[in-house]
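Make the full structure from the sequences, and use the hints.
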Amino acid sequence: MSRSFNYPRSFYHLLCVAFLFWTPARAGPALNVGDASGVAGSTVIVPNYFTTDTNIVALQYDLIYDPSILTAGPSVGADALANHLLDSSSFGPGIRRVLVYSLTNARLTNGVLADHILFIATGAPDATTSITLTNAIFSNAQGAKVEPEGLLGGSLLIVSLATPARLGSLLLSTNGHVQFEVTGAENRRYLIQASTNLIQWTDLSTIVAAAGAVEFTDSTATNSSYRFYRAVLVP
Numbered sequence: 000m001s002r003s004f005n006y007p008r009s010f011y012h013l014l015c016v017a018f019l020f021w022t023p024a025r026a027g028p029a030l031n032v033g034d035a036s037g038v039a040g041s042t043v044i045v046p047n048y049f050t051t052d053t054n055i056v057a058l059q060y061d062l063i064y065d066p067s068i069l070t071a072g073p074s075v076g077a078d079a080l081a082n083h084l085l086d087s088s089s090f091g092p093g094i095r096r097v098l099v100y101s102l103t104n105a106r107l108t109n110g111v112l113a114d115h116i117l118f119i120a121t122g123a124p125d126a127t128t129s130i131t132l133t134n135a136i137f138s139n140a141q142g143a144k145v146e147p148e149g150l151l152g153g154s155l156l157i158v159s160l161a162t163p164a165r166l167g168s169l170l171l172s173t174n175g176h177v178q179f180e181v182t183g184a185e186n187r188r189y190l191i192q193a194s195t196n197l198i199q200w201t202d203l204s205t206i207v208a209a210a211g212a213v214e215f216t217d218s219t220a221t222n223s224s225y226r227f228y229r230a231v232l233v234p
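In numbering that gives the first Met the number 0, the protein residues as written are 0 to 234.
These aren't lab readings, by the way, just hints derived from the structure by calculation.
Be aware that a few hints might be false.
To be verified - Simulated restraints on C-beta separations:
{"no.": "1", "residue 1": "150", "residue 2": "75", "range": "18 to 24 angstroms"}
{"no.": "2", "residue 1": "212", "residue 2": "67", "range": "26 to 32 angstroms"}
{"no.": "3", "residue 1": "89", "residue 2": "192", "range": "43 to 49 angstroms"}
{"no.": "4", "residue 1": "190", "residue 2": "124", "range": "21 to 27 angstroms"}
{"no.": "5", "residue 1": "27", "residue 2": "211", "range": "22 to 28 angstroms"}
{"no.": "6", "residue 1": "110", "residue 2": "61", "range": "37 to 43 angstroms"}
{"no.": "7", "residue 1": "89", "residue 2": "127", "range": "51 to 57 angstroms"}
Since the structure is predicted, the reported quantities are computational estimates derived from the model, not experimental observations.
For each residue, glycine too, the CB sits at the ideal point set by N, CA and C.
Pasting the structure below:
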């Protein structure tokens, strides 16, 4: 025995609406700056990452940095580009404008969009400086503007090229403690380590050479008949 079911038209309307709600939203284009580090007087590469689920074929944005300690060099296209051209130029102090486009309307892929070369000033102090993005414009294959999902900045850690630490003469006190002076770069941290075989090292303490030199006392020296010492620069 067969039986037929007649669903009301409103049922199909609800079913279609449900499928519309289940359709996942497409993520708009997003750019972010990768973090980097370098020493004063050196060159660093700062990557920009691109992600999207939409058909983006061209874009333009400004990279913002501190011109008092950084100088921008050329920007180089990376793996997110597919048959694209990349141009960049200085658009004012601390501003590097980047333009990416395709003569064939090729779609950009997710990945590293560009590597930016930055020169750190020789006298730059130890610091963390921000690198941000602004004025971003994205375009699809139809030439329509696509609003960005997000623009996320990054940071560049700058450290000075510190002088290796030197250990002064060791003084053995009557209570068995060992004292010596550590000389290094001013206001840099050093990890004091001890060893009995020059292979396995034990951390003793972290010191700061506030004025370029600091006295250190090893109160645990009584546990060994002899010891070697070293001071390791802490980043």
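Hint-by-hint comparison with the structure:
no.	hint	result
1	150 <-> 75: 18 to 24 angstroms	holds, 20 angstroms
2	212 <-> 67: 26 to 32 angstroms	holds, 31 angstroms
3	89 <-> 192: 43 to 49 angstroms	holds, 47 angstroms
4	190 <-> 124: 21 to 27 angstroms	holds, 22 angstroms
5	27 <-> 211: 22 to 28 angstroms	violated, 52 angstroms
6	110 <-> 61: 37 to 43 angstroms	violated, 21 angstroms
7	89 <-> 127: 51 to 57 angstroms	violated, 24 angstroms
Hints 5, 6 and 7, counting from the list given before, are not met by this structure.
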